[in-house]
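Generate coordinates for the entire structure from the input sequences, incorporating the hints supplied.
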Amino acid sequence: MFIGFDNVTPHPLRGKNFDESSAWGSKLSIDGSNKHLLISDSGKGKTTFLSFVYGSRTDFDGVITIDDKPWNEFSLEHRAEFRRRKISFLPQDIRLFPKLSAIENLKIKNGLTAHRTIDELEDLLALFGLKEQINQSAQTLSYGQQQRVGIIRALIQPFELLLLDEPFSHLDEKNISIGVDLINQFCALNNAGYIISSLGPEYGLSPDEKIVL
Numbered sequence: 001m002f003i004g005f006d007n008v009t010p011h012p013l014r015g016k017n018f019d020e021s022s023a024w025g026s027k028l029s030i031d032g033s034n035k036h037l038l039i040s041d042s043g044k045g046k047t048t049f050l051s052f053v054y055g056s057r058t059d060f061d062g063v064i065t066i067d068d069k070p071w072n073e074f075s076l077e078h079r080a081e082f083r084r085r086k087i088s089f090l091p092q093d094i095r096l097f098p099k100l101s102a103i104e105n106l107k108i109k110n111g112l113t114a115h116r117t118i119d120e121l122e123d124l125l126a127l128f129g130l131k132e133q134i135n136q137s138a139q140t141l142s143y144g145q146q147q148r149v150g151i152i153r154a155l156i157q158p159f160e161l162l163l164l165d166e167p168f169s170h171l172d173e174k175n176i177s178i179g180v181d182l183i184n185q186f187c188a189l190n191n192a193g194y195i196i197s198s199l200g201p202e203y204g205l206s207p208d209e210k211i212v213l
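By my numbering, the letter at position 164 of the sequence shown is numbered 164, and the numbering carries on one by one without gaps.
It cannot be assumed that every hint is accurate.
In silico DSS-like cross-links for lysine-lysine, where the CA-CA straight-line distance does not exceed 30 Å [claimed, not checked]:
#1 Lys86 / Lys107
#2 Lys69 / Lys44
#3 Lys44 / Lys210
Rather than coming from a laboratory, the hints here were simulated on the basis of the structure.
Pasting the structure below:
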């Protein structure tokens, strides 16, 4: 999968001057099979960038293409299938169903593709230190625990490109290490790449490329 940005500028940033190194207002080609770290200071548009790639926001000037086809020409059905099979996204606010348990949140996501078994879902939660929270409602989990559930949820569907918006912001070093290992493992299984946003730290990710905003 190749993603193209041609002079893309978010509407809220119209009229602003960008550094020459910035992805905004320039021409950018992203090989989706590579590992990318998206870095910038707070407020420069990391969440916006990932939302544009995912297609959940369209408030921009310029053109974004997926394999040379403009994103805005995809039908609603094509977008839905694309997100089900080719691109997975963990937003910064995670968006778990608050009254459902950790395992129920994963079952709902897995139900879209039946890509993993229930035993695999439970094993992933246990591996990420959430064995005792499997049946605990999401709204009673700490933010770091919710992030771990969110990372697993993003990994259990088939994908060619993984988008993660500051996924480690509330994790300790041990759980960051587990998360990085899982991300690398599942990207290898899917022959996929990722775009992971960060305020600066690389978290041991070893990206192929960096995207600067």
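The hints, checked one at a time:
About 19 Å separates the Cα atoms of Lys86 and Lys107, which keeps this hinted pair within 30 Å; it holds. Among the hinted pairs, Lys69 with Lys44 is consistent with the structure: their alpha-carbon atoms are about 26 Å apart, no more than 30 Å. Distance check on the hinted pair: Lys44 and Lys210 sit about 15 Å apart at the alpha-carbon level, within 30 Å; holds.
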